[in-house]
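Novice: Modelling step: build the complete structure from the supplied sequences, incorporating the hints.
There are 2 protein chains.
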Amino acid sequence: MRNKTSIASELLPGTLEMLILKTLTRGPAHGYAIARHLEQTSSDVLQVGESSLYPALQRLLVNDWATAEWGETDTGRRARFYRITAAGRKRLAAESAGFDRMIGAIAAIMHAG
Amino acid sequence: MRNKTSIASELLPGTLEMLILKTLTRGPAHGYAIARHLEQTSSDVLQVGESSLYPALQRLLVNDWATAEWGETDTGRRARFYRITAAGRKRLAAESAGFDRMIGAIAAIMHAG
DNA sequence: TTGACATGCATCGTTTGTCGATGTATCGTT
DNA sequence: AACGATACATCGACAAACGATGCATGTCAA
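Chains as they are written, first to last, in our numbering: chain A, 1 to 113; chain B, 1 to 113.
None of these hints come from the bench; they were simulated from the model. Worth double-checking, as some hints may not be accurate.
The list treats identical chains as one, so a pair stands whether inside a single copy or across any two.
[Unchecked claim] Taking lysine to any residue pairs in the SDA-like style, the calculated list, with each CA pair at most 25 Å apart, reads: (1) K90 <-> M110; (2) K90 <-> A112; (3) K90 <-> R26; (4) K90 <-> A108; (5) K90 <-> G104; (6) K90 <-> R101; (7) K90 <-> Y54; (8) K90 <-> I109; (9) K90 <-> D64; (10) K90 <-> I103; (11) K90 <-> G113; (12) K90 <-> A56; (13) K90 <-> V45; (14) K90 <-> L61; (15) K90 <-> H111; (16) K90 <-> L57; (17) K90 <-> Q58; (18) K90 <-> T41.
Model, not experiment: these values are computed from the prediction.
Specialist: Here's what the structure looks like:
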């Protein structure tokens with residue numbers, strides 16, 4: 001099978017998942033905190049809507065890239081904490097490598113004479 | 001109006017158009033040549049299918065980012081040559097800036113402790 | 001001469017993932 | 001009492017790329 005790397009197959013479909021998984025390598029976190037972290041770390045360039053976030057989190061669970069359990073936040077609120085799995089770390093590495101390859105390819109075109 | 005930059009709105013929807021417009025700054029070119037240029041310049045990392053390419057070219061025409069006229073290739077084949085417009089150059093600059101901002105935001109997260 | 005492959009155009013239907021809108025509930029502050 | 005922040009989640013619409021498919025001509029080797 002050919003190693004196809006069309007734009008859409010590599011650039012978008014896993015990008016949010018990748019960012020979430022990366023966030024989870026800092027330790028377990030709940031959805032709302034993940035969204036805030038992504039926004040703050042990106043200096044508010046990234047806007048993570050709930051309707052993008054929660055479906056993405058569901059995909060992580062379905063693929064066993066993360067587990068979830070209900071708990072309490074620092075402030076005593078009920079929240080669902082997500083934890084990255086070993087498979088999730090592998091996925092993160094693969095996704096990250098693919099993303100970098102794609103970005104490199106785009107950069108090669110954009111910076112070409 | 002808030003300067004929203006959700007992932008999908010900036011990362012994918014215009015990426016192929018951006019790459020095509022960039023290619024056209026080298027001079028007028030026909031679809032097939034554009035696709036080959038993108039693949040070669042990216043060292044075959046990018047695969048540009050016709051079913052992605054031609055709709056993208058149509059969008060360039062509709063938005064007046066490019067014009068097209070029928071002509072002949074070096075080898076005497078009938079082909080449609082696309083030429084970037086002034087509006088297209090503006091679009092390319094804007095798209096490129098937005099893309100860079102998005103990539104920077106993602107990099108900030110991926111390279112964060 | 002015939003068959004494969006490259007060149008060159010284009011459309012159709014499907015899939016995928018984001019997005020805006022919407023809904024629930026609790027807590028702290030004014 | 002009202003409001004905003006925290007925290008979860010779903011629904012339908014939409015946009016864009018993708019795979020499959022189709023047509024036509026040119027080149028080159030078997």
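Novice: Hint by hint, note whether the structure agrees.
Specialist: Quick rundown of the hints versus the structure:
1. K90 <-> M110: Classified as between: cross-chain Cα gap 15 Å, same-chain 30 Å, threshold 25 Å.
2. K90 <-> A112: Answer is between: at 18 Å across copies they meet the 25 Å cutoff, but 33 Å inside does not.
3. K90 <-> R26: Classified as within: same-chain Cα gap 16 Å, cross-chain 40 Å, threshold 25 Å.
4. K90 <-> A108: between (27 Å within a copy, 21 Å between copies)
5. K90 <-> G104: both (21 Å within a copy, 23 Å between copies)
6. K90 <-> R101: within (17 Å within a copy, 27 Å between copies)
7. K90 <-> Y54: within (21 Å within a copy, 36 Å between copies)
8. K90 <-> I109: between (29 Å within a copy, 18 Å between copies)
9. K90 <-> D64: within (11 Å within a copy, 44 Å between copies)
10. K90 <-> I103: both (20 Å within a copy, 22 Å between copies)
11. K90 <-> G113: Close across copies (18 Å), not inside one copy (37 Å); limit 25 Å.
12. K90 <-> A56: Within one copy, since 17 Å is at most 25 Å while 34 Å is not.
13. K90 <-> V45: between (27 Å within a copy, 22 Å between copies)
14. K90 <-> L61: within (15 Å within a copy, 42 Å between copies)
15. K90 <-> H111: Classified as between: cross-chain Cα gap 17 Å, same-chain 31 Å, threshold 25 Å.
16. K90 <-> L57: within (17 Å within a copy, 37 Å between copies)
17. K90 <-> Q58: Within one copy, since 18 Å is at most 25 Å while 39 Å is not.
18. K90 <-> T41: within (23 Å within a copy, 30 Å between copies)
Checked against the numbered hints listed earlier, the structure breaks none of them; every hint is satisfied.
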